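Chemist: Sequence:
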Amino acid sequence: MDISSFVTSLLTSFLIFAVLVLVFTWLSRRPGNAPVYYPSVLLRGLDPWEGRGRGTRSPVGWIRQAFAASEADVVAASGVDAAVYLVFLSSVLAILAFSAIVLLPVLLPVAGTDHALEDSTGRVPRNVTDFERLALGNVQ
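Just so you know, we're using numbering that gives the first Met the number 0 here: the sequence shown kicks off at 0 and counts up by one.
Honestly, the hints are just simulated from the structure, not real lab data. None of the values given here were measured: they were computed from a predicted structure. Treat the hints with caution; some may be incorrect.
DEER-style ranges, computed between Cβ atoms [what the hints assert, rightly or not]: (1) 42 / 6: 17 to 25 angstroms; (2) 7 / 112: 37 to 45 angstroms; (3) 83 / 122: 35 to 43 angstroms; (4) 112 / 67: 38 to 46 angstroms; (5) 64 / 33: 38 to 46 angstroms; (6) 59 / 97: 25 to 33 angstroms; (7) 119 / 59: 13 to 21 angstroms; (8) 14 / 107: 36 to 44 angstroms; (9) 81 / 2: 39 to 47 angstroms; (10) 101 / 6: 20 to 28 angstroms; (11) 43 / 64: 27 to 35 angstroms; (12) 43 / 101: 41 to 49 angstroms; (13) 63 / 36: 33 to 41 angstroms; (14) 15 / 63: 35 to 43 angstroms.
All C-beta atoms in this analysis are idealised placements derived from N, C-alpha and C, irrespective of residue type, glycine included.
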């Protein structure tokens with residue numbers, strides 16, 4: 000895979016993600032879909048639109064609220080299972096971020112300077128791009 004194919008794939012995936020977020024936002028704001036998106040609020044007898052400031056928030060304004068919510072807020076709104084799941088996800092995120100910070104500066108230079116793709120004369124085949132040389136499967 001060359002760089003242009005990778006960037007095209009990345010942009011296509013991001014475009015699909017953005018469209019799906021906008022569709023979710025549009026559908027969740029329709030009053031007819033309240034039983035789908037806010038069932039626990041309706042079961043408690045509360046109005047799902049009360050205190051939400053309909054039309055004043057941006058489509059991604061919920062992200063700031065999600066990161067600012069305390070564990071007690073999550074338990075009150077969604078239950079203990081959701082709070083435990085969010086603790087699990089934050090732990091996984093911390094482990095992956097630490098791994099990326101520590102391992103990528105070590106592994107990418109090792110993969111880029113390895114000579115596993117060269118033949119006996121020291122030449123790399125023409126069909127191998129520079130991007131493919133960084134694949135960790137090429138390190139011996």
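Chemist: Which hint numbers does the structure go against, in order from smallest to largest?
Modeler: 1, 2, 3, 5, 7, 8, 11, 13 and 14
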